[in-house]
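K.L.:
One-letter residues, chain by chain:
Number of protein chains: 2
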Amino acid sequence: MKFIIVRDRLLDALNHVMKAVSGKTTIPILTGIKIDVTKDGVTLTGSDTDITIQTFIPAEEDAKQNVTIVESGSIVLQARMFNEIVRKLPTNEVEIQVTNEVQTHIRSGKSIFHLIASDANEYPLLPNINQDASFPMPADLLKSMIRETVFAVAVTESRPVLTGVNWIIKDQSLICVATDSHRLARRKAKMEQVQEDYDVVIPGKSLNELNKILENTNTPVEIVITEQQVLFKTDNVLFFSRLLEGNYPDTDRLIPNEFQTTMKINGKELLQAIDRASLLARGNSHNVVRLETLSEESIEISSNSPEIGKVQEEISLDLCEGEQLKISFSAKYMMEALKAIGEDHVIVQFTGAMRPFILRSLEDDTILQLIVPIRTN
Amino acid sequence: MKFIIVRDRLLDALNHVMKAVSGKTTIPILTGIKIDVTKDGVTLTGSDTDITIQTFIPAEEDAKQNVTIVESGSIVLQARMFNEIVRKLPTNEVEIQVTNEVQTHIRSGKSIFHLIASDANEYPLLPNINQDASFPMPADLLKSMIRETVFAVAVTESRPVLTGVNWIIKDQSLICVATDSHRLARRKAKMEQVQEDYDVVIPGKSLNELNKILENTNTPVEIVITEQQVLFKTDNVLFFSRLLEGNYPDTDRLIPNEFQTTMKINGKELLQAIDRASLLARGNSHNVVRLETLSEESIEISSNSPEIGKVQEEISLDLCEGEQLKISFSAKYMMEALKAIGEDHVIVQFTGAMRPFILRSLEDDTILQLIVPIRTN
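Note that the protein sequences, when read in sequence, are chains U and B. With the first letter of the first sequence counted as 1, position 15 gets the number 15 in the numbering used here; the numbers rise by one all the way through. With the first letter of the second sequence counted as 1, position 245 gets the number 245 in the numbering used here; the numbers rise by one all the way through.
Hint data in this document are derived by calculation from the structure and do not stem from the laboratory. If you're wondering where the values come from, they're calculated on a predicted model, not measured in any experiment. It is possible that part of the hints are untrue.
As the list claims (entries may be wrong) - Covered by chain B, per the in silico footprint, the following chain U stretches (three or more residues, Cβ under 8 Å):
#	segment
1	82 to 91
2	111 to 121
3	311 to 322
Every residue gets a Cβ at the ideal spot worked out from N, C-alpha and C, and that includes glycine.
Using the sequences and the hints given, assemble the complete structure.
P.N.:
Written out as structure tokens, the structure is:
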């Protein structure tokens with residue numbers, strides 16, 4: 001195996017596959033990156049068994065020569081070391097050559113690294129996925145579906161299925177739902193080019209890594225869903241994730257549809273007031289802040305910490321309908337929900353101090369956030 | 001006590017004094033910041049007993065009103081909480097008022113914080129320093145004297161005096177020396193306005209914090225050295241540090257003055273080559289890289305790690321005089337020394353593979369770095 005490659009292009013590709021390489025794997029070969037060289041270009045693969053990322057660097061791209069192939073072949077190089085070496089090489093031209101099966105020589109300028117590699121045959125095969133039934137989704141839409149739901153997955157493993165986001169595709173629309181049973185995030189989108197129905201749970205960690213790789217453009221990502229795996233395909237990147245097993249709870253029945261109090265409020269003002277109130281809420285175990293209606297035109301956000309002090313702040317409402325209210329909730333959950341909505345005009349609807357309440361955007365009815373209040377004395 | 005202050009000016013001052021506040025103090029009052037309000041302005045004080053920083057915010061500055069004093073007084077507020085609150089306040093106008101001796105009210109826009117403060121009388125007094133015998137040093141010179149020496153102080157406490165930088169003022173020149181007994185950094189400067197001689201050891205930590213506060217301008221900093229304390233004074237900041245007790249070793253005799261091999265080399269090229277070589281040096285305990293003369297015109301930097309591989313790189317010399325040489329040293333020490341010199345043209349002088357070697361700048365004879373080599377097989 002021998003090829004000469006443009007360092008910056010190799011670094012870009014490495015940045016992607018490194019996201020799948022874990023320092024904590026129990027399978028030694030997975031601390032490495034597999035490099036496959038054919039006459040068409042160079043393929044890099046990284047995996048932690050849950051996530052597998054493969055990037056392809058074409059020999060030629062946009063009439064530019066990325067790679068000069070001298071001899072094809074495959075090898076596995078220790079991922080972190082290889083990544084750091086490439087990062088620090090002195091010139092933008094890198095020659096990589098394998099002799100005696102595993103002796104790898106990396107040359108750049110007057111610098112030569114000799115690394116002991118591993119046999120590519122020891123590297124696990126890619127998940128075997130039939131790619132016939134794929135459907136497209138614009139990358140920017142996919143990114144916002146992830147961003148607006150994934151933060152609400154459970155972080156503990158007591159119910160593993162809740163550490164993922166439930167993707168339900170039905171009647172040509174996609175519903176993403178995440179809940180840790182104290183709050184819930186839901187996002188809907190029309191999916192006109194999908195033929196089949198699906199109901200799967202994608203690990204939150206996979207979606208977070210996918211979000212980092214995708215660019216915020218409307219370039220379509222091809223999605224293939226099978227029984228145990230999901231595959232996201234962009235031009236030069238294949239992103240595989242295993243699916244979570246188990247039945248995701250039916251969340252529709254958790255969402256209230258009758259309300260006693262409805263407020264229209266500036267979401268950014270509310271977010272900042274809760275951020276301030278949370279400073280004094282750190283002393284209490286659940287980071288609790290209080291919301292209280294003062295009139296039909298204003299609410300008060302407050303919090304206190306017995307030994308440190310208290311904070312209170314009045315916020316004007318655009319509208320308030322229904323009953324007066326005093327309610328307590330987690331500042332963290334409320335801030336994350338408001339950030340996910342990310343709009344100036346937010347509707348918050350309550351069904352009393354002890355029942356879950358919901359947040360929606362005035363402009364966009366595809367997003368819904370639900371928070372379970374906290375009982376205080 | 002009551003005053004109204006411009007938030008941004010308060011934040012600047014807080015940024016400075018926070019550098020002296022430690023989370024780990026055993027003296028509870030020192031987790032706080034003392035605020036003293038007089039008709040002239042507001043003074044903030046933070047301290048961890050080793051370092052004390054005091055900043056003054058004048059009521060008026062450059063014909064701009066920073067503070068409106070309503071009632072003078074003093075109070076101690078929990079430092080982190082106060083800092084975070086000020087950072088997150090909604091408007092640039094902040095009113096701070098104390099009622100019932102310790103009830104502190106911070107108002108900004110529609111937000112009101114009520115904090116329980118501590119009595120300012122419990123806060124320790126500033127070190128009592130006679131400021132008659134001060135001398136000036138430009139801030140940028142002071143910063144480079146710190147930057148070029150402080151990294152070489154000992155990090156372990158086995159010989160506490162080595163955790164500081166030795167400042168010797170004699171014959172109207174200042175010599176700063178730091179050593180951890182494996183390497184040494186020395187920097188000299190002319191000090192024409194100093195009247196007395198001094199020989200003190202300033203804690204490395206204090207100098208690092210001072211360096212963060214000073215701006216890189218030629219504005220003079222007034223320095224006062226007493227038996228137990230040193231004080232650095234700028235326009236609105238007083239920076240006190242305790243001095244370390246104990247005799248600093250005489251380092252002059254460690255510095256060789258006869259050499260067997262002298263090289264002139266591009267310091268940045270050498271730094272980058274050692275940075276690359278150090279990637280493979282992590283496996284070995286002392287992060288060892290090797291330097292070997294190849295000819296009168298070039299050297300090789302190399303390193304190896306038995307299970308991972310090896311690296312070698314040739315570097316051209318501007319000049320090489322004297323004997324051929326093979327020597328091993330810590331990559332970290334060498335990189336820090338080259339960064340401190342920070343010049344393209346560096347002179348490296350050796351007295352054989354087992355003896356300390358020195359690095360100097362070709363352009364500037366005030367800086368000297370010494371490194372003790374590492375014995376390898």
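K.L.:
Does each hint fit the structure? Answer for all of them.
P.N.:
Evaluated hints:
1. With 5 residues carrying a beta carbon less than 8 Å from a beta carbon of chain B, the segment 82 to 91 of chain U meets the three-residue requirement, and the given coverage holds.
2. With a cut-off of 8 Å between beta carbons, the segment 111 to 121 of chain U has 6 residues touching chain B; three or more are needed, and the interface restraint holds.
3. As drawn, the segment 311 to 322 of chain U meets chain B at 5 residues by the rule of a beta-carbon pair under 8 Å; at three or more, the given contact holds.
The earlier numbered hints are all upheld by this structure, with none contradicted.
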